[in-house]
Amino acid sequence: ILNESVLPFFEEHEASITTILSDNGREFCGRPDQHPYELFLQLEGIEHRTTRVRRPQSNGFIERFHRTLLDEHLRVAGRTNWYETIEAMQVDLDEFLGRYNTKRPHQGLNMEGRTPYQVFTEGLMISGGTGEAPPNEAA
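FYI, in my numbering the residues of the sequence shown are 50 to 188.
Bear in mind the hints are in silico, worked out from the structure with no lab data behind them.
Each hint should be verified, as a subset may be incorrect.
To be verified - Each pair of labels, with its calculated beta carbon distance range:
#1 133 - 74: 18 to 24 Å
#2 113 - 167: 14 to 20 Å
#3 58 - 131: 27 to 33 Å
#4 74 - 153: 24 to 30 Å
#5 148 - 62: 18 to 24 Å
#6 166 - 138: 19 to 25 Å
#7 176 - 115: 36 to 42 Å
#8 133 - 158: 36 to 42 Å
None of the values given here were measured: they were computed from a predicted structure.
A virtual CB, placed ideally from N, CA and C, is assigned to each residue, including glycine.
With these hints in hand, go ahead and build the complete structure from the sequences.
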């Protein structure tokens, strides 16, 4: 998904990804010279940072997203839809994610009822597309 969706999305918006934060799951971590994900990040020039072990609050926003995904989509879709294929399930998930990111107002920290896409594009205008705060605003 990083190569097929995320990086192209950022490129379309003339933004860059310099760092990715993940937990320490096997799907993300391993020997940097052998693990496919680690190697891919190195090839793309993306720094990989990991959260502290057994500290889910280090990545609290994604933990909250998982809960929202369960409450607003998976538990609902599981009762109302019977998926014949993984592809059909993926289409339904993609539609939910589109609504979540572009239509659903959020009340999280500094969101003030905006959508994640609104916050993303406003951040691009401030940073000039780099995803980083301008030098005079950096803390």
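Hints, verified against the model:
{"no.": "1", "hint": "133 - 74: 18 to 24 Å", "verdict": "violated, 29 Å"}
{"no.": "2", "hint": "113 - 167: 14 to 20 Å", "verdict": "holds, 18 Å"}
{"no.": "3", "hint": "58 - 131: 27 to 33 Å", "verdict": "holds, 31 Å"}
{"no.": "4", "hint": "74 - 153: 24 to 30 Å", "verdict": "holds, 27 Å"}
{"no.": "5", "hint": "148 - 62: 18 to 24 Å", "verdict": "holds, 19 Å"}
{"no.": "6", "hint": "166 - 138: 19 to 25 Å", "verdict": "holds, 23 Å"}
{"no.": "7", "hint": "176 - 115: 36 to 42 Å", "verdict": "violated, 28 Å"}
{"no.": "8", "hint": "133 - 158: 36 to 42 Å", "verdict": "holds, 39 Å"}
The structure fails hints 1, 7 (numbered hints given earlier, in ascending order).
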